[in-house]
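For the protein sequence lines, the chains are L and B, in the order given. For the first sequence, the working numbering begins at 1 and goes up steadily by one. For the second sequence, the working numbering begins at 1 and goes up steadily by one.
Hints may be right or wrong, so weigh each one.
Said to hold, decoys possible - Example chain B residues on the side facing chain L (calculated, C-beta under 7 Å, incomplete):
#1 Y61
#2 C77
#3 D106
#4 K110
#5 G137
#6 S139
#7 Y158
#8 G159
Because the hints were derived from the structure by calculation, they are not lab data. Small disclaimer: the values here were computed from a predicted structure and weren't measured. The C-beta atom is built at its ideal place from N, Cα and C for all residues, glycine as well.
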Amino acid sequence: MVLVRDIGFVSAFWGGFSAFFSAWQLCIMQISPFFIAFSVGFYLTEAKHSKAPLKSLIVVCAGYIVVFSIVFAFLAIPRFGLSRYLFYNKETLKIGAALFVGLSASCLILFGLFKKWRINSALSLVGGILLGASLAVAYSPCITPAMSEIMNFAGKPANVMKGFYLMLAYGAGLSISFAVTGTVIALALDRLLKKNSVRNAIIVFSSLVLLGLTLLLVSGLMSSYKSFLVGFFLD
Amino acid sequence: MLMSGFQLQARYVICALLIVVAGCSEDYSPKGAPPSLESGSPAPQFTLELIDGGSVTLDSYKGSPLVLIYMASWCPCSLESAPVFKEVYEEYHPKGVEFLMLGIQDSKSKFTKFVKKKGFKFPAGFDKGERIARLYGVSAPPTTFFINREGVVLSSFYGKIIEKNVLSVWVDQIL
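Just chain L, with the same shape it has in the complex (with noise of 0.2 Å):
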């Protein structure tokens, strides 16, 4: 029976790539609206500034990948340093969650309907690293299989570093599945609406999701959020 073994790193990022495009996405749907709401807002908005929207969303999606990966995998294995200090204050560390999110809700607004203020482009980069320890702060993981196989291995205090690595790469995998997702549908949505008012109804509406996001993690129900949406759809 052998239970524990180290999957490598192709697979973790694999197991996370595809979870996101599986029936796994029940799961992450916790998340997945808040981000992709993001990056639509994001894109619209940035679009009636700059030439180059893409290349700011993508700027945001990098720093948001590199983070949700950094705090997703210290979260998964509280086992060492850093991580069993975010563990041990993820609750506290919501609230810190809900006020940039609902900060960044405001910016969408304000930087989307008024066309004297823009995004700077190093507070693009700062955005998607806040949005990305947001995320991973306010998600609560299903297990997967791989997730399952990588927590397993790293149970093992010789594996701890390793399986630290692994969860990293999972996390890699999943986050880059968040950033092609919304950036797809921001590229859709930014093709398909030449309305400037459905356009800035798209940019509120994404700053109401993202608003939704604030006051779950700070009244505290973002688990029973998860609980009615995943029930409604397991029922």
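Given chain L, put chain B in place with the hints provided.
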């Protein structure tokens, strides 16, 4: 000379990576936090309010092998594992093995409904605020701990358990 946007962004990424390296090497655990739970560690003490009323502590199970199961009503893996836990409980409870289920990352009402719907015969309680889960380092359901008569964690498993034989091997170890 001014830094280009790319250089500036690269610095942010490098800073993030440095945080990872620092985080891996230092112990920033808050005061009072239990040490990382390894196989062979004493199981952390807890008090859990049961959904049928009353409460249990770890000491309630002193002298008995205990299977501690963290589950959530929305979790597909928890749903898949449920019949195996029920079956193994039927087989091992007469031999003195106790099972206790804790609901995490869930709403209390949904978890209560889940327990009643599945008809678990062993006690279950909702871990409000995931205080007990944090003590055990549990970040996601389902996670199972196998605790022997002396209150020592002999093994743990993260993820679904859908084969009776697999679960039985671990339960045999604490018997």
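Structure-based check of all given hints:
1. The criterion of a C-beta within 7 Å of any C-beta in chain L is not met by Y61(B), whose closest approach is roughly 22 Å, and the hint is violated.
2. Because the beta carbon of C77(B) sits about 6 Å from the nearest beta carbon in chain L, less than 7 Å, this interface hint is met.
3. Against a cut-off of 7 Å between C-beta atoms, the interface hint on D106(B) holds, since the closest Cβ of chain L lies about 5 Å away.
4. For K110(B), the interface hint holds, since its Cβ comes within 7 Å of a Cβ in chain L; the closest pair sits about 5 Å apart.
5. Hint status for G137(B) relative to chain L: holds, with the closest Cβ pair at about 5 Å, below 7 Å.
6. For S139(B), the interface hint holds, the least distance from its beta-carbon to any beta-carbon of chain L being 5 Å, beneath 7 Å.
7. Satisfaction of the interface hint for Y158(B) is found here, the shortest Cβ-Cβ separation to chain L being roughly 4 Å, below the 7 Å cut-off.
8. Because the closest C-beta pair between G159(B) and chain L is about 3 Å apart, less than 7 Å, the hint holds.
Of the numbered hints given earlier, the model fails hint 1 alone.
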